[in-house]
Amino acid sequence: MQYADTRRRGAAHLAAGLGLALALSGCTLLGADDEPTPDQQNPQDSAGETSETSPQNAEVVLVTHESFTLPDEVLAGFTEQTGYQVVVQASADAGALTNQLVLTKGSPIGDAVFGIDNTFASRAVNEGVLTAYSPSDLPPEVSEHALPGEAADYLTPIDYGDVCVNIDDAWFEAEGIEPPQTLADLTDPTYADLFVTSGASSSSPGLAFLIATIGEFGADGWQGYWRDLMANGAVITSGWSDSYGVDFTFSGGDRPIVLSYASSPPFTIPEGGEEPTTSALLDTCFRQVEYAGVLEGAANPEGAQALVDYLLTDEVQAAIPDAMFVYPVTDVELPELWAQWADVAPEPIQVDPELIEESREDWVREWADITTG
Amino acid sequence: MGRHHHRLAPARLIPARVVPAVGVTLLALLPLAFLAVFFVLPVGGMLVRGFYPDGAWDLSGVGEVLGRDRTTRVLGFTIGMATLGTALTLLLGLPLAFVLYRLVFPGRALLRAIVVMPFVLPTVVVGVMFRALLSSGGPLGFLGWDRSWLAILLAFVFFNLAVVVRTVGGMWEGLDRRAEESAAALGASPVHVFRTVTLPALLPSIVSAGTLVFLFCSTAFGVVLTLGGLRYGTIESEIYLLTTEFLDLQGAAVLSVIQLIAVVVMLALAARARSRSEATTDRAAARSVARAPRGSDAPLLVIAGLVVAFVLTPVLTLVARSLRGGSGWTLEHYRALADPSATTAMRVSILEAVQNSVSTAVDATIIAMVLGVCVSIVVSRRPRRAGARRLVSVLDGAFMLPLGISAVTVGFGFLITLDRPPLDLRTSAVLVPIAQALVALPLVVRTITPVLRSVDPRIRQAAAALGAGPLRAAWTAEGPVLGRPLLAATGFAFAVSLGEFGATSFLARPDRPTVPVMIYELIGRPGTDNMGMALAASVVLSLLTVSVMGLVERLRVGSVGSF
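Protein chains in written order, with this note's numbering: chain A, 1 to 373; chain B, 1 to 563.
With the rest of the complex left out, here is chain A (with noise of 0.2 Å):
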C-alpha cells in the first residue's frame, strides 16, 4: 500500500461518494415537497383544509404495524373509489401498537387502525381508544369472528391466522419417529430436545402459544404443563425469525417442532417438488383475528369508515394471503396453494378476550418465571 499517494485519493473517492450519495437520495429532508407520493406524505400538509371540501386528494392516516402490507394497485384502488389517499403509519407490533394508541388517547396520530388482534383487542376498547364503527350488513363469514358482546361494535375482523405448532414431516420419517399430535405430547420423552418455540413477553406468536396452552391446560393447569415442557428440553427463543430461521430443522437447525403458522407448510415445498416437507398440528392452533377500528379524535372519520369498509373488498381480502401471510375472513378464493396445503384449524382453542385483557400480564410474568427460572 502506497499510504502518501492513496490517501489523497481516498479523500477524492469519499467526496465523490458523498455527491453520488447526496445525488442518488433525490429527496432529501430540503427537496422532500417536490415529489409527494401517497405512501410518503406528512398528513398535516394538506389533510386538513381539503377534507372538508371535497374527498379528492384527502388522506386516511392508517395507523397499523410492521407486518403490514398491501400492493399499491391494492391501494390505488382505494383512492378510485372514494378519492381518498391512504398514508400508512407502521409501526412495532400488535402489543406495543396498542399501546401506543392508548398513549395517545384523545390526540391520535392517525384515522384509522389495522393490525389489533384478538389478544390486545380488549385493551384498545375498554380505553377507549376507538370510535364505534362497523361496516352494515357485515357477511356471516365474516361475523363469524368477530369479538364477543360490544366489543364488535368497535372492531371489525380483516383476516386471521391459525398459530399451531409445526412439525418437520421429512425428519420425523427418516428417524423413525412418530411425530406428536397434540400439545401434551410435547411432554412426552420420545420429544425431548425436540421443540422450540418463541417467547411470550417477545412475540406476538409466542404469546399466543401461551394462550393457547392457558385455553387447552386451563388456569391452574398451564403452569405445570410449561414447567413439563421446559423439563422436557424445550427451548425459546425471542422471536418467530430465530426459531423459524435458525432452530427449525427445515431451516438447517437441530429442532423438528417449531411454534409457527397453519399457513407455513406450503412455503415448504422443495424446489421441483410436490408437497411440503412439514404439517401444521392443527389441534394445537390458536386463532389470531386481526380488526380493523375507526380512532377516537380521528381528523377524518368519514374517510377511516371508508377505509375499514374497503379493508374487506374483495380486492383486498384476495391480496391477503400473498401479501400478510394470513387468511382473508370473507369467501373470495385462495391461491392455489394454500387451498392446497394451507388447512386452517376446525377447532381453534378459545379463550375470552376480556380474560386474556384481565390476565394477559400476571401470565406474562407467571410464565417468565417458570420458563427463565
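There's no promise every hint is true.
Here are the simulated lysine to aspartate or glutamate pairs, EDC-like style, with alpha carbons at most 16 Å apart [said to hold, decoys possible]:
no.	chain 1	residue 1	chain 2	residue 2
1	A	Lys105	B	Asp419
2	A	Lys105	A	Glu127
3	A	Lys105	B	Asp424
4	A	Lys105	B	Asp176
Quick caveat, the hints were computed from the structure, so don't treat them as lab data.
With the hints as your guide, set chain B onto chain A.
Positioned in the frame of chain A, the structure of chain B alone reads:
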C-alpha cells in the same frame, strides 16, 4: 507590527473575552434546543407519565419495583455481563490496538475498517449471524454456547472492539516513543517498560474506552434478546417489556431513572479520563512512531490475528449463507434483491431500500454535522472561570446521553410529548433522520473536538490581536486542520446512520423501508427465500458501511470514533 498598531485600539473597546463568549453561547443554543425537544422532552414525558400518572405524584411503585426478585436479578445480570464484557473487550482490544496503530504493514487500513464494521452493523443481523454460527448445526456448534451467556459475551466483544481499538489506538499512535526508548536503554524489560511507561500514558484512554464499552454493554438490547433466548433480562429489555407489553409505565420509569443515573456516572468517569488523556496528547503529539513488525511482536500479532478472525467469522458465515440456495452455491438471493416482484413480503426492491437508506442517512448526517460542529466548537473552548468550564463539560456529556437511554422510552416519549402543533412531529418522516442524528451526534463531537482542542488557543488569540473578528480568528487558526476530520466525521456519521435500526424501529414511520428495516421484515417472513434475501441484504449493507469506513480510514484522522 508597528503598522498594525492602530488597528488594535478599537478592539480594546470591547473586552476581548466577551465577544467569543457571546458567540459561543449562541452556537450552543441550537444543539441545546435540539436536545431539549428531541431528547429531554420525550424522556421527561415518559418519566412524568410513570411518576405522576393521574395528576398526582405517585412514588409508591418505586419500592415495589425495586423489591421485585426479577428487578434484582435483571440488575445483577446487567452489571455482571457489562463488567465481564468490558474486561474481555479491553483484554482483546489492546493487543489489536497496538498492532493496528503502532506497526506498519500492508493491509493495515483495510483491517482498521473491518474492525469498525460491527459497530455500524444492525444488531438484528449480528444476532442472526451469531445464532447461525453457534447453533448446533453451525460451524461453532460444538462449543455448546448457543443461547448461553457466553454467546452474549462474545457479541459484546464483537460490537465494542471498535471503541477500544480506535480510542486506545488513536492515543497509542500519537504517543512519543522516546520515553519508552529511554526506559529500555536504562535496562528495563519490555514488560517493565509497558507497565511503567506505556500503560500510565494510555490509562486515561483505556478508562475512557472502558466506561463507554460498559455503557454500551449495559444498554444492549436486541442482541441480548436474540442470543440469550429470553433467559436473560437486562434493564434495557425489561424497560422494553414493561412499556410495550404491560404498559407498566411506572415500572419502566423507575428502571429508566436507575439507568439514567448509571449512565451519568459512567459519562462523568469517561469525561474525567478523557480530559487527562487530552492533556497528555498535547505534550506528546510530536511525531508518528509506527514501525515495521519485528520478531518480538509475534505473540501480539498472533492475538491480533485471532481477534480479527473472530470479527470476520460471523461475517463470513453470513456471506456464505447468503450464497447458498436450495441447489448449492448460487447468486439467486442477490438477484432476487433487485427484483421487487421476487417476494410478496416486500413492496420495494433493494435498490429502492438502499436509496431510502442513503437519503435518510444523508439527512441524518447533515443534522448531525451541523449540530456536531456547533457542539464541538463550544466544548473545545477552555473558559478560564471554573464554573464556565464545568458548564462546558456538562454540555459535552449531555450529548452523549442519548447513547445510554432506552430507545423505546424515547420513541414512546415522542408520541406523548410532540403531539400538538406547532410540534406535532409524531407522524413526520423527519423523525427518523432526527433519531439517527441523535445516535451519530456524539460520534461527530468525539471526532472533531480533540482536533479543535489540539489547536493552541494562542494562535487564535494572535489572529484576534492582529484584528481578525472572532469568526475569522477561529477560521484562521482552526480551519486548516479541520478539513479532514470534518470529512471523516461525515463519513462515520453516514455509516452509523445507514445501519441504525433501534431508534428507527420505535418510530411511527412512513411506508418507506430502509435496508435495516427491510432485513428485519424479510427475516420475519416464512419461506427460505426470504431468509436468503435477508442475508444477502445484510451483506450489501455491510459492504456499504465497510466501504464508507474504508474511505474514512484513508483520511487518517486518529480520533474518528474514539471517545
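How the hints compare with the structure:
no., hint, result
1, A/Lys105 / B/Asp419, "holds (11 Å)"
2, A/Lys105 / A/Glu127, "holds (8 Å)"
3, A/Lys105 / B/Asp424, "holds (14 Å)"
4, A/Lys105 / B/Asp176, "violated (62 Å)"
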